[in-house]
Amino acid sequence: MRFVLDEDQRDFAGALESLLAGADTVAAARAWAEGETAPGLALWKRLADLGVLSLATDATPVEVALAFEALGRHVVPGPWIESAAYLPVALGREVEGVATVALPPHVPHALDADVADEVYVGSTPVTGVGERLTSVDRTRRLFRVEGGDGVDGGGGAEPSREAFDLAVLACAAELLGAGERVLADSVTYVKQRKQFGREIGSYQAVKHALADVRIALDFARPLVHGAALGEVDASAAKVACGDAAYLAARTGLQVHGAIGYTQEFDLSLWLGRIRALVTAWGTPDFHRGRLLQQLGAS
Amino acid sequence: MDLSLSESELAFQAEAREWLAANVPSEPLPSMDTEAGWKAHQEWEARLAEARWSVVSWPREYSGREASLVEWLVFEEEYYRAGAPGRVSQNGIFLLAPIIFDHGTKEQQDRFLPTMATGEKIWAQCWSEPEAGSDLAALRSTARRDDERGGWVLNGQKTWSSRAAFAHWGFGLFRSDAEAQRHAGLTYFLFPLDADGITVRPIAQLDGEAGFAEVFFEDVFVPDSDVLGAPGDGWRVAMSTAGNERGLSLRSPGRFCAAADRLVDLYRSTERPPAAAADRVVDAWVKAQAYRLYTWGTVTRLAAGGDMGAAGSVNKVFWSELDIALHETALDLLGPEAEVASPWLDGYTFSLSGPIYAGTNEIQRNIVAERILGLPREVRK
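Protein chains in written order, with the working numbering: chain A, 1 to 298; chain B, 1 to 381.
Be aware that a few hints might be false.
Said to hold, decoys possible - Per the computed footprint, the stretches of chain B lying under chain A, defined by three or more beta-carbons under 8 Å from a beta-carbon of chain A, are:
| hint | region |
| --- | --- |
| 1 | 128-136 |
| 2 | 259-269 |
| 3 | 281-290 |
| 4 | 296-303 |
What the hints assert, rightly or not - Take a look, some chain B residues computed to stay more than 10 Å from chain A by CB distance:
| hint | residue |
| --- | --- |
| 5 | Asp2 |
| 6 | Asn23 |
| 7 | Ala210 |
| 8 | Pro274 |
| 9 | Ala311 |
| 10 | Pro343 |
| 11 | Gln364 |
| 12 | Ala369 |
| 13 | Leu375 |
| 14 | Pro376 |
| 15 | Arg377 |
It should be emphasised that the hints constitute simulated quantities derived from the structure, not laboratory data. Note that the Cβ used here is the ideal one computed from N, Cα and C, for glycine as well.
With the hints as extra help, turn the sequences into a complete structure.
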């Protein structure tokens, strides 16, 4: 019984963290949103060199979760869940370059299909990429793909349960990382911002709201690691991380006040990412339903 | 990371499971806050002790099994899964005993621990006072030095003392240095509740039963041998109990996992559950699992020499809110029958006290914000 990260896992997370902390990921994400994908693709290559694309085939789900927590913390752009979690398992091989996938009904559109070297619907490659759609997360460039829009499982898109579950875990971990980042930045902000002659972080209303975020995230993380070890279903992690990250986003916006409501302020990147991921890779309703079924209660 | 149990842990688990299956009463015992229920719970403690299951984590010389933290969690999980009775001796075993082990003399250990382990003597916690609740350091009850008799004379009033209506001994803090302020000059005392000058007045709780009491002290003599730790050092001594109470010890995950499983069963057997109930049942189950896994992480860190620190406050807010949400969901599933006396209703009423006792959740959130997030302290007088 040892439910903490081992040394290799901590080292891997540390290496990833120092790479991302020095990579100006915010600038890459903002450029990506404007269609300038060069900085994001350069970052993609560095992460691939560190082994992120081969975790699904060569490492354990714990490493996958650690990687995605870091990606979420740094709001890294690009179809990472698709290329580093779903497709390697669904295709049975590591992805070379950039790949994306639509998986209706849970993933109706292909993320960053214009950038991807390979586009799939389920496990089937497709060539035609349709209209671009605007996401609440402007760094998520969504595209309609043939057989992708509301056609349940059409064209051999039957999802692989194992691949889907790893993607759900990755999505949960990314939400966790994004939530942690919003909390950290919010704490920093409320310690600086003064009103009525005091830091707003000294007021109990603000303190208690942020304490609730700390508590929600603290109890979401063990479900991510537990799901990575097969102790609980990935759905449990997705439900808890979605709730915790969303609470972080709402609270973070509130304690920032009007500055948080601007696109220019970086918080906006995480607010969009979290809102998008809450319903990506299976809505909360879908995952709760799946858990209920497993409990033999539906 | 590895969530599997070792061979010896599995053997311990099997032994506990087997004994509980053979010995747990088939019917729930009457409430421990009634005279009959008190007796039944004391008898249950004796039965546990006979088979060395009452204090598994204690040393063998005091009837324990020297269980590791992992084994303790395993035992608790089995205990609640088996639907075994609540522990009437809980405040003594989980709150006082760790202090006696750490700060008590050998004589105190030998005098108090054996009867605590068998449930022969039940201990009540005397913390709060009418003017000192969340602000415990504002307490006013006094201890006056009596050199002639070699001890102290207690005066004042304690309140909301759990189990005090029927308990044999109490433990609490008194101001032993009238000049000292707040946390200084407090001393930790142990006293028999039938001592001369002590009056216990039971208070009916929400459910009508005397789960707690007021305790009045009028010139109560306590010999030096019943002072725990050094005179004047009571706050530091007591705070190690507070950490235990709101953290790991008092609320083991086994309780919530067992209750969540029962909630799922209730949902399955409910013919027309309210539409909104499904999500709440799932959330209660997910949170119970989260609490279980979180606790495994805590135990791993503690076993490696770490301490709970302020994380106990994170814990306490989470389990107390989970407990209420879980029981509210159960009552909603019971529909119009929910108001009728049942174990779910008892559990619900008890759960309502969770965010209040052991430091209100508001205090806990302050601790999380100040000590974990590093936010500025409240302006306090």
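Status of the hints after comparison with the structure:
no., hint, verdict
1, 128-136, "violated (count 0)"
2, 259-269, "holds (count 3)"
3, 281-290, "holds (count 8)"
4, 296-303, "holds (count 5)"
5, Asp2, "violated, 5 Å"
6, Asn23, "holds, 26 Å"
7, Ala210, "holds, 33 Å"
8, Pro274, "holds, 14 Å"
9, Ala311, "violated, 8 Å"
10, Pro343, "holds, 20 Å"
11, Gln364, "violated, 8 Å"
12, Ala369, "violated, 4 Å"
13, Leu375, "violated, 4 Å"
14, Pro376, "violated, 4 Å"
15, Arg377, "violated, 7 Å"
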